[in-house]
Amino acid sequence: EAGVAQSPRYKIIEKRQSVAFWCNPISGHATLYWYQQILGQGPKLLIQFQNNGVVDDSQLPKDRFSAERLKGVDSTLKIQPAKLEDSAVYLCASSLRRSEVEAFFGQGTRLTVV
Amino acid sequence: DQQVKQNSPSLSVQEGRISILNCDYTNSMFDYFLWYKKYPAEGPTFLISISSIKDKNEDGRFTVFLNKSAKHLSLHIVPSQPGDSAVYFCAAKTGANNLFFGTGTRLTVIP
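Chains as they are written, first to last, in our numbering: chain A, 1 to 114; chain F, 1 to 111.
Because the hints were derived from the structure by calculation, they are not lab data. Built from N, CA and C at the ideal position, the CB exists for glycine as well. Among the hints, a few may not be true.
What the hints assert, rightly or not - BS3-like mimics (lysine-lysine), calculated; alpha carbons at most 25 Å apart, straight line:
| # | chain 1 | residue 1 | chain 2 | residue 2 |
| --- | --- | --- | --- | --- |
| 1 | A | Lys11 | F | Lys5 |
| 2 | A | Lys44 | F | Lys71 |
| 3 | A | Lys78 | F | Lys54 |
| 4 | A | Lys71 | A | Lys15 |
Claimed, not checked - Chain A is faced by these chain F residues, among others (derived, beta-carbon under 10 Å):
| # | residue |
| --- | --- |
| 5 | Asn27 |
| 6 | Tyr36 |
| 7 | Lys38 |
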């Protein structure tokens with residue numbers, strides 16, 4: 001079974017530029033999550049999708065971050081414009097359904113904003 | 001507001017001995033607690049979980065203990081192996097299926 005795929009693995013951009021991350025969850029997984037992990041901290045939930053609908057985006061800085069999950073499969077997370085404090089690893093995770101305890105994580109995208 | 005706390009950033013243990021990783025939480029509404037293991041440059045991988053209605057769950061060398069009155073859980077690894085060296089994250093789940101993570105404990109198992 002293929003795992004959660006994310007790209008790119010690494011990205012360096014200048015502040016005020018825009019960036020996008022892509023995630024392909026495990027086939028058949030209805031629930032998709034985006035997490036932000038700042039160095040030295042645990043992952044923090046940004047947004048949760050159930051199929052192509054947003055379930056929770058209360059922690060998403062909506063003035064600069066946006067995410068979509070068209071057709072309920074792949075998802076993209078965008079930051080525009082980026083700030084220095086957005087430097088982090090962005091993790092995508094998926095689970096079979098919302099009630100599932102375990103979520104499967106991708107390798108993450110390490111973003112550095114300079 | 002850190003709802004899940006791991007107060008030990010690192011732990012070193014001799015191979016074959018027991019590793020005990022601790023976690024405290026503040027929200028009594030959490031219904032599941034999970035431990036994730038993370039190797040460098042990889043995403044976290046699920047290790048073991050426990051329901052809030054239980055006090056112990058065991059899976060091979062890994063056992064998680066939950067003390068609800070103290071809002072404390074611990075992960076025991078016995079015997080510890082060098083391949084267990086990784087960062088361990090404690091996480092707690094709400095009914096809305098949101099995971100709240102601790103800051104992690106780096107375990108080093110010394111051969």
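Hints, one by one, checked against the model:
1. Between A:Lys11 and F:Lys5 the CA atoms are separated by roughly 30 Å; this puts the pair beyond 25 Å, and the hint is violated.
2. A hinted pair counts as satisfied when its Cα atoms are at most 25 Å apart, and A:Lys44 with F:Lys71 qualifies at roughly 21 Å.
3. With a C-alpha separation of about 40 Å, the suggested pairing of A:Lys78 with F:Lys54 is violated against the 25 Å cut-off.
4. Simply put, A:Lys71 and A:Lys15 have alpha-carbon atoms about 31 Å apart, too far for the 25 Å limit, and the pair is violated.
5. For F:Asn27, the interface hint is violated, since its Cβ never comes within 10 Å of a Cβ in chain A; the closest pair sits about 14 Å apart.
6. Among the interface hints, the one on F:Tyr36 holds; its C-beta lies about 8 Å from the nearest C-beta in chain A, closer than the 10 Å criterion.
7. Because the closest C-beta pair between F:Lys38 and chain A is about 9 Å apart, less than 10 Å, the hint holds.
Checked against the numbered hints given earlier, this structure breaks hints 1, 3, 4, 5; the rest are met.
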